[in-house]
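Engineer: Based on these hints, arrange chain B on the given structure of chain A.
One line per chain: the protein sequences are A and B, in this order. Position 187 (the first sequence) corresponds to 238 in this note's numbering; numbering is contiguous. Position 194 (the second sequence) corresponds to 790 in this note's numbering; numbering is contiguous.
Hints were generated in silico from the structure; no laboratory data involved. Remember, it's a predicted structure, so these values are computed and weren't measured experimentally. Here a beta-carbon is modelled for each residue, glycine too, at the ideal position from N, C-alpha and C. Not one of these hints is a red herring.
Just the calculated beta-carbon pair ranges, DEER-fashion:
1) 69/A - 679/B: 54 to 64 Å
2) 950/B - 86/A: 26 to 36 Å
3) 68/A - 734/B: 32 to 42 Å
4) 944/B - 160/A: 39 to 49 Å
5) 701/B - 71/A: 34 to 44 Å
6) 942/B - 122/A: 24 to 34 Å
7) 97/A - 788/B: 45 to 55 Å
Anything over 12 Å on all C-beta distances counts as not near chain B; from chain A, calculated:
8) 156
9) 202
10) 300
11) 326
12) 384
13) 476
Cβ-to-Cβ under 7 Å is the rule here; a few derived chain B residues that face chain A:
14) 626
15) 719
16) 720
17) 721
18) 727
19) 931
20) 932
21) 933
22) 935
23) 940
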Amino acid sequence: MRLYRKEGNTVQILSFPSENAEKGDYLLIEDPKENRALITQVIDVQFASVPGILEELLRDSTNNGESVNGESLDPLEVTSHVTIIQDARLLIGKIRASLENGKLTTTSSWLPSRSQSTIKLLPTQALLSLAKINHSLPVHLGETKEASQLSIDASALDGKLNIVTGKKETGKSHLSKLLALSLVGYGAPVVVLDLNGEYAHLGYASDGRRNEHHSKIHVLTPSENFKVTLAQMKLRVVLNVLVHALNLPGTSAREFRRIWKFLDERAALTLHELGEAIRNWRCNQHVRDALFSRYYALVNSGFFTDNPSEAVSLEDSFAKVRSGGALIVNLRDASLVDRQIVVEYVLGKLVELLTQWKLRAVFLFAEEAHLYLRETYWDDVVTRMRHFGVFTTFVTNQPDTIRENIYRQADNVFLFNFTNEHDLETVSRAARVDAETVKSIARDLPPHHCLLLGSAVKDFPLVVRVKALDVQTMGQTRLFFASKN
Amino acid sequence: MIQQTQYTPTTTKYNFPPTLEDATLPQRLIELSIQTLKNTQNHSSVLYQPYTDAEPSQNETPEEIAPVFLGQTSLNPKPIKLKPNTEPTTIVAVDVSSISLGETDAGTLIAIRGAIVWKNSAHYRYLRIGPFPFHITEENKKQVYRLFRQHSFLQAPNSHPAGSAPSLNHIAARMGALLERWLQTITATTSHHSLLLWDGSLTAGTPDAPTQTMSHLLETARNRQNTVLAFTKLTRLRLNGHRLTDLNSACKPPYLLPIDGYPTATSPHNTIHFLGNIHVAKLSEGNCSFRLDIDQKIPSDQAIEATQRLVGNDLLLEGYPETLRLAHIYSTFTANEVLGIQRFLARTHGLKTIQRPNIRRLLFGPFGKGPEGG
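Bound-form chain A, shown alone (with noise of 0.2 Å):
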């Protein structure tokens, strides 16, 4: 391998078929003279620009069909050195970091010789060992291409907005879980905003017996074994609910907020009292009829209940996954306003548990939560609620449902396997490496493998087959034919 050009922090390597260098491989170009090293990442491979390969590939199509055959009189065999310089490739490379005497830089600003330099591949062992990617709390990815096992650290996740984003069928949610079960291993409390019923059974081995996790894994499902009374919940979080779920209008509001108070003051706070007061509440008959369908909405949710003993506390069900454990909230069988009702209340009590210190912090699973996330809750999610300890994780195949500003801001994306353009633009958005490395990269990802970017990584991109997980998939479409084969 020889090198090229640079151009900013972009690399071209001259390379031979034989010098078997890929997508995502890493390479390290040493300039012997100045003991300095480029460490550079191999995003995409093209033919080298050779003058008159168009005539000679005109020449060889000719002898294609059957009207035109014949062989070649090649005794010293040169043939098989212009088929190597027709196969030239060349490599694009973006700069990843400087090597300086044994320590790794963010500085590219240097210019290795073009005709001293020497490029080998650098083995991801090695970059991981020279970037000191540290295994205190490992996560076991998977492997990488060279078959060496890949982890990262439970607390690169701490703190940090994730998002895993692909393709359908490219194993975003298997990676989510594996990132989920590996959290609760470490002692961490998870939330799974659950919307296929995709994690109910990760207490469960793919045979059907229980797994390790399976003490620690709560599954609740709303209007099942998931239900809150009025008087759980707080006059705000009802509010949330009519006005961003049910979309109340504020005249409305501001009444209901009247009637609220009214059956607080008196402890009447249920279903059953609401709709009385609404009937014989003096005001305007539109008011009141908005109040009526939002009511019945409420009702119809199945969500609340006026029987204590039916209801749940969030409060209890946090404890049980304070020092490890997994709360899937089922949202499966739920409509998109009873998602949304339920979404609010959970999200609402988790940042009420935090505020007061009843929790420490919670690693939040959301998928696809365009589908229950109302809009004024995105920005929250990653500013406010993260400070006061919500770590979360978007899931989604449908990389612009997620706002631009959160890709700005995430700390870690897990990129599966994009062919789209308009998608790949969109994830290209992530801050934590350059707009051509996710193109080019995630365009070619086979499915089960990841490109890691982000802290995670210490911004070394690396490719990753997801490892398998021992764990019950529920995620799986259901088919029509699968019965008939």
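Structural biologist: Showing chain B alone in chain A's frame:
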């Protein structure tokens, strides 16, 4: 009585000749190539790349000797209308390319490659011979040249003044011409009842085409009932100042315009001989017409018959035979191949190619014309 050439192929299937691997020249070529390249190891292993390396096939066609037609020549040659004859006929085309790869301290590095293409029924088959790189120095050029002459001209070396080895500057073109003669000899002796297409003219008496050799070659072809048709792509042929290939005929292609006259050469020594009858050939619709030399010892009706068979049996692109076009394509060097050969030399003989300073560019800056002059 003149015997009518029989074109009918001996078999209805392919009539391709055997490969040439059993011939002695390739073996000698290999040995010579290796031997000359070894010389480079005795000198500094630097190959200076010529500026013209991006122009492959620069020496592929020796400069045409343009005849001047004497007074009897008429300005209105009568076109001969051709009727395509589709009776199956084997067509054999030969072409050769040579290229200068660069210079060393002691000499010059060149490469040559030849191609033979056979057309039979709807099928084309080719044989590429080479590339053979050579390191030609003042010391070994006679030896190299002698070998080629022995094989291609079937006569003793130095039987003609042109037999002396050329200067190093022209060695690539000369050796290319020698390989071409050898391939023409091979095809002439191994083909029967075939049309032999050559690139160039049937002009003899030049260093590349001694008269005796060319006559012998044509005779060999004739003895095997072959007809040699030599096409010149770019001709300086003029009749009373008019470029002949620009003469338009009212006749619809395909047709031949025989140049009815006695051509003579412009050479002061008058050593040039025209062994073919010169025609302007427009074999298909299009803009192009070509100079076509047909062995003059073949009766004119046989020459016309041969051309009609060519029109009836081969594809014609702008009036140029596809078989000859393929021969050119398969022999010519692309820029990539030049790089490949230079890599071969670097790997096997440690020759490092470097670019000489461009004197024109140094002296004249942007006004320095030439390959890099811009």
